[in-house]
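*Asks:* The lines below spell out each chain.
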Amino acid sequence: MSDDLKYPGFKSSELISGLGAAFTKYSDAEKQSQIKKTNGVFELQVSNDKKETATWTVDLKKAGTVQKGSAKPKADVTIILSDDTLVDLANGKINGQKAFMTGKLKTKGNMMLATKLDAVLKGAKAKL
Amino acid sequence: MSFQSLISGSECAAPANPLSQVLKHTNGDRSLQQLHALPASSAAPAREHDIALAPTVSPGIGMPIPAEFLRIAEVNGRPELNEAWVMEQQNAMRAFEESKAQASWAAEFGNNSDIARINSLPTTMQQNVSGRGEFQQRPNYVSSMGMYGGSMPMGMYGMNNPMQYGTGTHFGAVDQKGKGKSREADFEAAFAQVAASLTQRETTSRIEEVKDVVDDVTEALKSSTLDEPENPETDFAKVWVHLQQSDNPPRQEDIAKWEAEFSQLMGTQREELDNEYGSSMQQAWESGVGDFSDKIFGDKPLQFDADGIPILGDYVFEKNNQYLDPSSSSGSLLSDAKALLEQNGSLTEAALMLEAAIQKGELGKGGYEAWILLGETRNMDEREEAGMKALLHGVRKAEEVGDAGEGMLSLAISFTNESYDRASHSMLLRWLQARFPSQHVPEETLKAMTTNSSWDTHTRITDLFLGLARAQFAQGTMDPDVQIGLGVLFYTNGEYDRAKDCFESALGARPTDYLLWNRLGSCLSNGSKPEEALVAYTEALKLRPTYTRAIYNVGVACLNIGAYKEAAEHFLSALGLQESTSGDTSEQLWFTLRRALLSMERGDLADLAKPEAKTSLDVFRREGLDF
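Top line first, the protein sequences correspond to chains S and D. Going by the numbering used here, the first sequence opens with residue 65, and the numbers climb by one from there. Going by the numbering used here, the second sequence opens with residue 439, and the numbers climb by one from there.
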């Protein structure tokens, strides 16, 4: 099932498919909690070195799933970035805001939502 | 990306120039030009091209300048990332909300292009030169140009195509209102090219100079040969320069007419702008974080008040609380609880005592003390939701009785943990005002708390705290709480290194404050330094071995290192601590345990690790997890 999410030639495929897998394993309560916190549909347009583009939709509004392809009907925010940037984001090497400011990340739509992407991608976050 | 051009190299100067020119003229309407700052993708080349073509840009029609534009201009003049960022975001939000307006303008021009024919343009231009009667046409020209001028920046920044295509339609619009004679195709082509370069500069030209432009365009047309389409710019440059230097005031009545039409047009646009922005910001905030039916906060979508503070339900007390039994203890539950905490006793138990105390009416100092202590205890015990509710209650109570400031830092931290950034900022601001009433908070900042985005409020509040910290430093003092506040601000914004520095300073003054050690640890952990984080957490646990949250954090750090088994073991030990007293266990712990188990590829155990399942922890022990 998670193989469906992979695009060959993209480093972030692993990441996204892992995310998708995690989502399916979430309990309902956990999903609800994530959805409540995020409440949005993200569309990720990732481009790699070969100038190919992969599109994933992360639905954290209704269903709590990760899918290939564009959002239907429409994503709340579309995030355009490179393969490397996405990998860095997930690893915590760069945070969403920094990526945006340096132009590594572009958004269309509700950009506030894009800031939540960090939280979604990151594994576990320590508590203050 | 347009923003990139602002921050890198020589292009820095380019945008600044035209804008600073604009600043010199104080009566230009810039409500539309605010839309300049769209951080869209394809914008950069178009923008720079435009800038290059428009060496000096004169302001628009006589309208008051929105203050924001001045700031944008200033900001763009100094490539100061953060502030510019803030402005861009605000404007981007505005622009985002204005996309509807954009669409309608674009649509309008779309319609026009279908109807109009460029070939009749030169005619109208010519005729404009010739007769006064043609001035009837001008206001229309002007208003379309005005609108076009407005849509221009957006055209530049969002959609390259509409700009080019808008060019045609722009003149098409004029034509529509004018006469419709036809012309030779060649002339039309040349004119179109010239017009293309012209409109790119029209962004902010004075209406007064429109007539000149038109005149000059026609002159240029007449003088330019049809066979040199490759250099429209040079001719144009001449025209443009001539334009800048010429200073013919147009006829009075026309100015008035144009201004009236234009201001009316701009007025309506502006109102829409303001209303939409305010309400859409509010909406974005409220819908941005969970206006979604959820079961967690009581079957109601999560609402926020004006300051971004979530409106939570009432605190839910534990059902089976042994301390509620009137015969169980004779002394003060509150002091018992405090004693227990002093002795590093079980956090869950202390919380139960406190709950009982509250329910029995023993609220402690000012009626808030027990609440705040309960909140803090709950948070330490990794039960954020309960902790937040208790703290909210306590903080409000404290404000009521005049002891504002108590518990606010803890509450702000709670908000940060749950990603309620704006709430965190608001709370920190309130704390600052309560604790340092003499510190001046600008009116603007106070207003901004309710309207602006969290990125903006973050900057403002951080500046306030920084100012305070620096003042203290200058006096040779250091208030750990101010450092904590600052640290929380940086942490909320993802600036973990700076946050770490703040907490380290605070620790200098309070080396045995386990909360601070935990916080330092989290800064390191989220800042991708899990090993160092573990050191800090260990210190925290040395000081308070029952600090559930710290144990949780250790587990998280292990997860991030990839030590899944150890992580699971830590979570289980934390759960064990909680279970050993009658209290309920923390969901957060269960969730993260599941993650660890999944990473260990023990899906079977993961399925067992659900709070509802109430699986005995021994099950896990039998599986070889040692805790």
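Hints in this document: simulated from the structure, not taken from any laboratory. Possibly wrong hints are sitting among the right ones.
What the hints assert, rightly or not - Below, in silico cross-link-like pairs of lysine to aspartate or glutamate (DMTMM-like), each with a Cα-Cα straight-line distance of 20 Å or less:
| id | chain 1 | residue 1 | chain 2 | residue 2 |
| --- | --- | --- | --- | --- |
| 1 | S | K162 | D | D935 |
| 2 | S | K126 | S | D152 |
| 3 | D | K1048 | S | D92 |
| 4 | D | K1052 | S | D152 |
| 5 | S | K189 | D | E856 |
| 6 | S | K189 | D | D935 |
| 7 | D | K798 | D | E822 |
| 8 | S | K189 | D | D774 |
| 9 | S | K157 | D | E1061 |
| 10 | D | K1003 | D | D939 |
| 11 | D | K835 | D | D743 |
| 12 | S | K89 | D | D743 |
| 13 | S | K89 | D | E1039 |
Stated by the list, open to error - Computed spacing ranges between beta-carbons, pair by pair:
| id | chain 1 | residue 1 | chain 2 | residue 2 | range |
| --- | --- | --- | --- | --- | --- |
| 14 | S | E78 | D | I749 | 36 to 44 Å |
| 15 | D | K803 | S | T129 | 34 to 42 Å |
| 16 | D | I749 | S | T166 | 46 to 54 Å |
| 17 | S | A127 | D | E1017 | 28 to 36 Å |
| 18 | D | M1038 | S | G73 | 51 to 59 Å |
| 19 | D | G751 | S | K138 | 28 to 36 Å |
We treat Cβ as the ideally placed atom computed from N, Cα and C, and that holds for glycine.
*Asks:* Now, for every hint given, state plainly whether the structure supports it.
*Replies:* Against the structure, the hints come out as follows:
1. S:K162 - D:D935: holds (14 Å)
2. S:K126 - S:D152: Status violated; Cα separation ~27 Å.
3. D:K1048 - S:D92: Holds - the C-alpha atoms of D92 (chain S) and K1048 (chain D) are around 10 Å apart, at most 20 Å.
4. D:K1052 - S:D152: Not satisfied, since the Cα-Cα distance of roughly 37 Å exceeds 20 Å.
5. S:K189 - D:E856: Holds, at about 11 Å.
6. S:K189 - D:D935: With Cα atoms ~16 Å apart, K189 (chain S) and D935 (chain D) stay inside 20 Å; holds.
7. D:K798 - D:E822: It is violated: about 24 Å lies between the C-alpha atoms, which goes past 20 Å.
8. S:K189 - D:D774: violated (34 Å)
9. S:K157 - D:E1061: Not satisfied, since the Cα-Cα distance of roughly 35 Å exceeds 20 Å.
10. D:K1003 - D:D939: violated (31 Å)
11. D:K835 - D:D743: holds (18 Å)
12. S:K89 - D:D743: violated (34 Å)
13. S:K89 - D:E1039: holds (12 Å)
14. S:E78 - D:I749: 36 to 44 Å: Given range 36 to 44 Å: holds, Cβ gap about 40 Å.
15. D:K803 - S:T129: 34 to 42 Å: Distance hint for K803 (chain D), T129 (chain S) is violated at roughly 50 Å.
16. D:I749 - S:T166: 46 to 54 Å: Between I749 (chain D) and T166 (chain S), where Cβ atoms are some 37 Å apart, the hint is violated.
17. S:A127 - D:E1017: 28 to 36 Å: Holds - the Cβ-Cβ distance for A127 (chain S) and E1017 (chain D), about 33 Å, lies within 28 to 36 Å.
18. D:M1038 - S:G73: 51 to 59 Å: Violated, at about 30 Å.
19. D:G751 - S:K138: 28 to 36 Å: Because 33 Å falls inside the window, the suggested range holds.
Of the numbered hints given earlier, the model fails hints 2, 4, 7, 8, 9, 10, 12, 15, 16, 18; all others are met.
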